[in-house]
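*Asks:* Here the protein sequences come in this chain order: A and B. In this text, residue positions in the first sequence follow my numbering: the first is -17, and each later residue adds one. In this text, residue positions in the second sequence follow my numbering: the first is 11, and each later residue adds one.
No lab work stands behind these hints: they were computed from the structure. Mixed in with the good hints, there may be bad ones.
[Stated by the list, open to error] Below 35 Å or equal to it, Euclidean Cα-Cα: the simulated DSBU-like pairs (lysine-lysine) are:
1) Lys201(A) - Lys663(B)
2) Lys628(B) - Lys201(A)
3) Lys628(B) - Lys663(B)
4) Lys60(A) - Lys30(A)
5) Lys707(B) - Lys628(B)
6) Lys30(A) - Lys201(A)
[As the list claims (entries may be wrong)] Pairwise CB distance ranges, derived in the manner of DEER restraints:
7) Tyr436(B) - Glu290(A): 54 to 64 Å
8) Glu777(B) - Glu290(A): 49 to 59 Å
9) Glu273(A) - Ser486(B): 54 to 64 Å
10) Pro39(A) - Asp449(B): 29 to 39 Å
11) Thr169(A) - Ala712(B): 30 to 40 Å
12) Tyr225(A) - Asp410(B): 20 to 30 Å
13) Arg195(A) - Gln626(B): 46 to 56 Å
[Unchecked claim] Looking from chain B toward chain A, a few residues come up when the C-beta cut is under 8 Å (computed):
14) Lys663
15) Val795
16) Asn830
In this text, all values refer to a predicted model and were calculated from it rather than measured experimentally. All residues carry an ideal CB built from backbone N, CA and C; glycine is no exception.
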Amino acid sequence: MNRLILACLAFLVVQPAAALQHHLLVVSGIGGTDDYRQQFALQSQQLKQAALDAGIPRDNIVMLADQADESDYRPADKQTLLRTIREIGARAAPEDRVFVILIGHGNERGDGAVFNLPGPDISADELGAALDQLGERQLVIVNTASSSGPFVGRLSGSNRVVMTATASAQEFQAPLFGGFFVSAFVTAGADRDKDERISMLEAFDFARSEVRRSYDSSKRLLTEHALLDDNGDGEGSQQPGEYQADGALANRVYLQQPPSAASGAPPWLVAMLQRKQALEQSIYELKRQRESLQRRDYYDRLENLLVELALLTRQIRAEGS
Amino acid sequence: MRSLLLLALLLCAMPLSAATDAQIERIEALRLSGDYRAALELGRAELAAAADEPGLLQLVGEIELETGDLDAAELSFRRAIETTGDAALRSRLTLSQVHLQRGETRAAEDLWRQIREVYRARGGGLSAQELQAVADATRYLGKSDPQLFKQAVRIFDEALRRDPGNLEAGIALGELLLEKYNNEEALQTFRQVLSRDERDPRALLGLARSQHFDYSSEAVTSTLKALSINPNLVPARVLLARLFLELEQYADARREVELALQVNPRSLEALAVLAVIHRLQHDRQGFETVEARVLELNPGYAELYTLLAEMAGQNRLYREAAEFAGQAVLLDPQMWQGYGLLGMNQLRLGRMQAGRENLQRSFAGDPYNVWIGNTLRLLDSLDDYVEIDQGGFRVVMHNDENALLEEYIHDLAQQAYRFFAARYRYQPQQPIRVELYPDHADFSVRSVGLAGVGLLGVAFGPVVAMDSPAARERGSFNWGSTLWHELAHVFHLQMTDNRVPRWFSEGLAVYEERLARPGWGGDVDPGFLLAYLEGRLLPVSLLNNGFVRPSYPEQVIHSYFQASLVFEFIEERWGFDTIREILVSFRDSDSPQTALLDGLQLDSDALDAEFDAYLQKKYAVALLSLSDRDKANGRVGPTPDTALPDKYFDQLKVGTRLLEQGDLELAEPFLIRAQQLFPEYAGADSSYWLLATLYLKQQRQAEAEAQLAGMTAINAEHYEAQLQLARLRAERGDHAGAAAALEAAIFIYPYDIDVHRNLAEQLARGERWQRVAREWRAVLALNPVDRAEAHYRLAEAYARAGNRSSAREQILYALEIAPNYYQAQELLLALRGAAAAGTEVQ
């Protein structure tokens, strides 16, 4: 019961009986050297484990790799990638979320960029066309490769969170972003709002900060600038935020699989969680009005909501135990 | 018949003209060697024979000018002008110099304009000498129109193209370049002249002035060389007097000035320096007499006051410097240097607005002044700084640093104030302004007006300026000890009305650092003791030279440390009260050296001898182990078998090499022995650090900790050593000790967020909640990724410290970022509960 409660506490939305499912596709592109192959393999494995820990069903996780070390890995060629996306499209319900993570190298080509695969590379247009077949489903696409910036423009859309490791195709050095993005899910420090889960925005911010810290500490000029776009305007932001042009959607999307009716949440818990969700929404709305309120009034009102939320959380935990 | 008469006249004239040229040369030679009397006698005799020979008149007039006989000089120049007419450009120029000497500025300006008019009319038809006169006139007029200086340079160049052998033009060009702060080219120009005639005393003087501009000790050498050729060269005597003044050698300075005045009793420059000497020696009557004499000779001689201002400023008498500069500009509203000196000194006194305005005036009139230009740019950048008043201090910091550093600076400054006020039984005027510059170039400009100065901090009395920790590479300086040092200066300067000798205040300030915290205040290194063994350290009586005119690169650093040892010696032998009494006596003393010796009741030789004995005793073992260094290490690379057991370098070298090779067991005894031979040395390459490294490799934590503790007790500046020490102490459960090491690390580099976190944790173990709170405030100032956690920890610390309202504020900030932050929620509820019950949070 405790785990159920904690899991439910972790969510804004109490799910209906037939809850949405998460699907994860991790594509580990061509490494080129042993070091990169090992690095990409490690990141893939860590992501897979994080997804399993987040409750994503194993059948919903597909791993593509240049040199597959495990039997359930598929080859990462373009044909297999496009076929896999079609399969996800066929399998996933309309309300399901799909995460596509590209780990590897990229380069500029023509007016845009490509992601390097064994055999023919895949361009942003080609990937975009394949993902468009997923319809209105909520998509999270993360391209951790060099020269990945142009992928934002093509993959941006409504109900999509798109991240790239670089701001342009000209940032061709191997970026550090991908490693830190994965680290957000496996190490401490990324959960800024302390809700015991990592949103896509938190993961992006963590990775961006760690990239900067890494460059600063080695006194190098920053040559990679990650982007996040989630408002569908095709323009990524380097500093998205909950209340900025980009970031609001990413702040509410988590890797964690929401609990389903099968987990047996009791009615009192459902009611409390709904109340909790309402309080969180009230806090969110109050924060949006911050600039227009007197400081004292704002913090008094915030405190009242927070106290109520704290009492409710305590009660949920107490009832659960 | 007529032809014969003409021929006869011609024949008579020819031998006379030839004789005059030769005699002119002879007179010139006498002049260059300084035998002005003989030169004048000969010149006047020749004039009597060859009346109104313009060349002769000009030369005689110039000698009369140099020796101060202005009336005679004027007559000679006027006669030359009458004889030559329009072509007498040089005579017009030198006549203008007579007018300038008398303060007849209008008359001088008329002559310059006349000269330039001839240039405009005749353009390319002028001789090299005439062009030189035009260039000089243009230079003088540049005071009202700074663009004319560029023209002056072009015309000098033209003169030199006409006659590359014209040394005077070269020297004048060099002087102009120097006047306009282009010392690099000025130096080149003087050297070019000297390459044609290495014994030209005026060129040597120009070189000396150029070297003085760069604070080079070679200025003295060049000046003395000029005087060896012409011992009566008044400007050289005046320069030498100034050089002595900078060393506070007033008797020597006075001697030089008097020699100058014997040659030219009306030399305004020499009289001005004499006025300075009287002033610095508190001889009010002597000063007023000389001042009156100067103004009698030239009522508009504002340069008297600019010199007084300059020398007062160099002697750290900033208030007086500002007053004198003010008088200069009252006397001459176009005295741009005066405005500059006024502005700079007002800034040093903390009068920022007035200072800026006067610097702007100065720069408008003289846009070539690099110091003023740099300082104005710096003042513009102060818009990015914030001023915070607290506890008698006004701390000025860059906006980017303020949140982090403010508390630390204020805390330490107030600690220092309380400590010094009790120790010196004196309270300086407040607020004391402390400025921190994250860009070292900005600090350099603030302190001397130029980028690139090697200081870390400077105190002007009520104002301290220093590098912020961000200005330097991590580990290269300790901002805490620097601030402590500069605040000690504030006390010393104000107690003595800024009359404390440089070496005294520097030595005492370093000594105060050593007393403030273990490991502060510099420590002995092999270089210092080797300098001692080689006889390069200065006696106490000449220590000022080590700061003002170092004779080898490390002498400044050695002088700081040596001076601090003098105070260690004095306090051990006589007690601190004696030091304080000597300090107080400087205020009214006209001889700092006498005040010192009177206070110690020793003569100079005895003081030097006793201090020497003190040094010998203090470092007896180390001196022995470092002596005969060349002999001991003259052979190629000591080995474990050949290393001499009583020689520090042998033991250290062998131990270091073995450690690098990984032979830890073999290395250890050598490094231990090195430490026994020189236990006082704890630098980055010392036995302490090497042994700590060795023991850590061997997992011998306790021994490593002992080495690091020993090291940092002598040298607190080693950042990594402090962090390692903190880690070892924390592992052993010595949280207070770990905290102490981390605090010491923050005095070196406060920007490492993990150090502040770690320190907060260690302090929390000791329940020092106020300090815990400070560390979490520092974490927040460093913009952590996890701000919610930092706010929560800060709230917790406040709550534990009983500061409920601040705890509430911080917990709301934490929950604002992370509404579901469980621990923060619980703290909020606890605070509410405690508030309702009127209790403290547990």
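*Asks:* Work down the list of hints and note, for each, if the structure agrees.
*Replies:* Against the structure, the hints:
1. Lys201(A) - Lys663(B): holds (32 Å)
2. Lys628(B) - Lys201(A): violated (43 Å)
3. Lys628(B) - Lys663(B): holds (24 Å)
4. Lys60(A) - Lys30(A): holds (21 Å)
5. Lys707(B) - Lys628(B): With a Cα-Cα distance of about 34 Å, the restraint between Lys707(B) and Lys628(B) holds, given a limit of 35 Å.
6. Lys30(A) - Lys201(A): holds (33 Å)
7. Tyr436(B) - Glu290(A): 54 to 64 Å: For Glu290(A) against Tyr436(B), whose Cβ atoms are near 59 Å apart, the range 54 to 64 Å holds.
8. Glu777(B) - Glu290(A): 49 to 59 Å: violated (32 Å)
9. Glu273(A) - Ser486(B): 54 to 64 Å: Distance hint for Glu273(A), Ser486(B) is violated at roughly 43 Å.
10. Pro39(A) - Asp449(B): 29 to 39 Å: violated (57 Å)
11. Thr169(A) - Ala712(B): 30 to 40 Å: holds (33 Å)
12. Tyr225(A) - Asp410(B): 20 to 30 Å: The hint (20 to 30 Å, Cβ to Cβ) holds, given that Tyr225(A) and Asp410(B) are roughly 24 Å apart.
13. Arg195(A) - Gln626(B): 46 to 56 Å: Since Arg195(A) and Gln626(B) have Cβ atoms about 52 Å apart, the given range 46 to 56 Å holds.
14. Lys663: violated (32 Å)
15. Val795: holds (5 Å)
16. Asn830: holds (4 Å)
Checked against the numbered hints given earlier, this structure breaks hints 2, 8, 9, 10, 14; the rest are met.
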